[in-house]
Amino acid sequence: MKGLGNVIAIELKLAMRDPMSAFFALAFPAVILWVKMRNGGTLPSGLPVIDAVVPMLSVFVIGLASLVILPATLAQYRERRVLKRLRATPASSSMIFGAQWVAHMLLAVLGAVLLAVIGLAVYDMGGPVDPAGLVLAWILGALSLGAIGLLIGAVVPSGRAASVIGLAIFFPMVFVSGAMSARETLPETMRSVGDLTPMAPAVQAVRAAWEGQPASPLTLVVMAAIFIVAGGIAVKAFRW
Amino acid sequence: MTVIEINDLQKSYRAHKALEGVTLTVERGEIFGILGPNGAGKTTVVECASGLRKPDGGTLRVLGMDPQKQRRALLQRIGAQLQEAALPDAIKVEEALRMYSSFYDKPADWQALMKEWGLTEKRRARFAGLSGGWKQRLFIALALVGNPEVVFLDELTTGLDPSARRMTWGLIRDMRDRGVTVVLVTHFMDEAAALCDRIAVIDQGRVVHQGSPGDLLSQGSSGSLDDAYFALIERTV
Numbered sequence: 023m024k025g026l027g028n029v030i031a032i033e034l035k036l037a038m039r040d041p042m043s044a045f046f047a048l049a050f051p052a053v054i055l056w057v058k059m060r061n062g063g064t065l066p067s068g069l070p071v072i073d074a075v076v077p078m079l080s081v082f083v084i085g086l087a088s089l090v091i092l093p094a095t096l097a098q099y100r101e102r103r104v105l106k107r108l109r110a111t112p113a114s115s116s117m118i119f120g121a122q123w124v125a126h127m128l129l130a131v132l133g134a135v136l137l138a139v140i141g142l143a144v145y146d147m148g149g150p151v152d153p154a155g156l157v158l159a160w161i162l163g164a165l166s167l168g169a170i171g172l173l174i175g176a177v178v179p180s181g182r183a184a185s186v187i188g189l190a191i192f193f194p195m196v197f198v199s200g201a202m203s204a205r206e207t208l209p210e211t212m213r214s215v216g217d218l219t220p221m222a223p224a225v226q227a228v229r230a231a232w233e234g235q236p237a238s239p240l241t242l243v244v245m246a247a248i249f250i251v252a253g254g255i256a257v258k259a260f261r262w
Numbered sequence: 005m006t007v008i009e010i011n012d013l014q015k016s017y018r019a020h021k022a023l024e025g026v027t028l029t030v031e032r033g034e035i036f037g038i039l040g041p042n043g044a045g046k047t048t049v050v051e052c053a054s055g056l057r058k059p060d061g062g063t064l065r066v067l068g069m070d071p072q073k074q075r076r077a078l079l080q081r082i083g084a085q086l087q088e089a090a091l092p093d094a095i096k097v098e099e100a101l102r103m104y105s106s107f108y109d110k111p112a113d114w115q116a117l118m119k120e121w122g123l124t125e126k127r128r129a130r131f132a133g134l135s136g137g138w139k140q141r142l143f144i145a146l147a148l149v150g151n152p153e154v155v156f157l158d159e160l161t162t163g164l165d166p167s168a169r170r171m172t173w174g175l176i177r178d179m180r181d182r183g184v185t186v187v188l189v190t191h192f193m194d195e196a197a198a199l200c201d202r203i204a205v206i207d208q209g210r211v212v213h214q215g216s217p218g219d220l221l222s223q224g225s226s227g228s229l230d231d232a233y234f235a236l237i238e239r240t241v
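Taken in order, these protein sequences are the chains called A and B.
Using the working numbering, read the first sequence as starting at 23 and increasing by one per residue.
Using the working numbering, read the second sequence as starting at 5 and increasing by one per residue.
Incorrect hints may appear among the rest.
[Stated by the list, open to error] Below, a sample of chain B positions facing chain A; criterion: calculated Cβ distance under 8 angstroms:
id, residue
1, Y17
2, L56
3, D60
4, P92
[Unchecked claim] Straight-line alpha carbon distances no greater than 25 angstroms define the calculated PhoX-like cross-link-like pairs of lysine-lysine that follow:
id, chain 1, residue 1, chain 2, residue 2
5, B, K73, B, K58
6, B, K119, A, K258
7, A, K35, B, K119
8, A, K58, A, K258
Calculated from the structure, these hints are not laboratory results.
Please read these numbers as outputs of a predicted model, since none were measured by experiment.
Every residue, glycine too, gets a C-beta built ideally from N, C-alpha and C.
One chain only, chain A, in its complex shape (with noise of 0.2 angstroms):
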């Protein structure tokens, strides 16, 4: 759709207007990242610390852009009757869905270059070794969290009530998939339980990625398809 541009154009300076996004995705993961690189060193299979911090916190910030801040965006449109006006227009839901994504992407997309800039200014960054590989694992990662995101937002009533759920997703999520922290350093039992949850194939299929070793198909296979299964329930259950 031709205004489809448009629509992202302004949705994404609506983000980058509102503090709490503009915070949660650009400066709320550098302070992380300079927590994380105080020690600096490198991990116990010799990789230096800040290769695995800058590719897994690229995640962190796809899981925030996409599970907390994207539904709230979205259940606030419905609260504010916002939906309800587009509703009286020819603005179709996949349209809408379409825009918030990509819009909410590129927020996370300003997030992670802002992350790799600091990596590589100030630590001394080494990847990414497979930047195609790399783009690949991202992309899907944000489809697949992004689905997510779209299905807690095509229902949820209020702002407040989207913010909350996003938030009790996310959080447990980022520190048990090993967006958070390295997952060779998590308890085996910890690891297991993440591997369970939908960020962990977007944590090893970028990290993979960065460190120029092969994709697993299945992280690929199994972010495509919870991409397909709850983007296609966030289209059924939309209500505006």
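Position chain B relative to chain A; hints supplied.
Then chain B, alone, in the frame of chain A:
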């Protein structure tokens, strides 16, 4: 020429019957008022006509189209400002117009529209910072941005101060003078008398009067339109 034809329209919300057989017609180029007390079913009529609600029974044609079956095509040709509908707080006036114009196949020139409706000085103002009168002005411009043939305005002036209300009346007349058919839902008899070519009074899901405001006046005994209106409503309570 008839642009809206509603025949025996029925709609229930669970046990509550909102519309019990509404019949009315709206002609091209007129300002048509829908009046009635709270809960009478005014908004339901407009929401059915703009394809937002599915009627339980009766027939409904807007610009010759079925609002349910041809919803997408119809939405290209109508504009609507629905009750309590809003915009995101942080959106600017020009962004809202640009975004809404992009939804339509043959939109109006939104920049020209912004100028014509006197919004240029507020183009960079955020929606949340606009006063009630400016918000209505923007809503009217947004209702027109798709170059519609019919515009539905649901309680556009509720909550406005008297001067903003009067200004909005001027805007609605301007709209009609450009050939747009306006369907105006209102609580206020004075508003209907000032603006509408014809009105329908709805009470408890039925049309209790249809005609010009003058017709209604001639039915009353005191010569006051308000009295005639309330006599009509009370008779049916």
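For each hint, the structure was consulted:
This hint is violated: B:Y17 has a C-beta 16 angstroms from the nearest C-beta of chain A, more than the 8 angstroms allowed. Proximity of B:L56 to chain A holds as hinted, the smallest CB-CB distance being about 6 angstroms (cut-off 8 angstroms). About 20 angstroms separates the beta-carbon of B:D60 from the nearest beta-carbon of chain A, more than 8 angstroms, and the hint is not met. Satisfaction of the interface hint for B:P92 is found here, the shortest Cβ-Cβ separation to chain A being roughly 6 angstroms, below the 8 angstroms cut-off.
For a cut-off of 25 angstroms, the pair hint linking B:K73 to B:K58 stands: about 10 angstroms separates their Cα positions. With a C-alpha separation of about 40 angstroms, the suggested pair B:K119 and A:K258 falls outside the 25 angstroms cut-off, and the hint is violated. Taken as a hint, the A:K35 and B:K119 pair is honoured in the structure, with Cα atoms around 24 angstroms apart against an allowance of 25 angstroms. Proximity of A:K58 to A:K258 is assessed by CA-CA distance (about 41 angstroms); at most 25 angstroms being required, the pair is judged violated.
Violated hints, listed in ascending order, are 1, 3, 6 and 8; each of the other numbered hints is respected by the structure.
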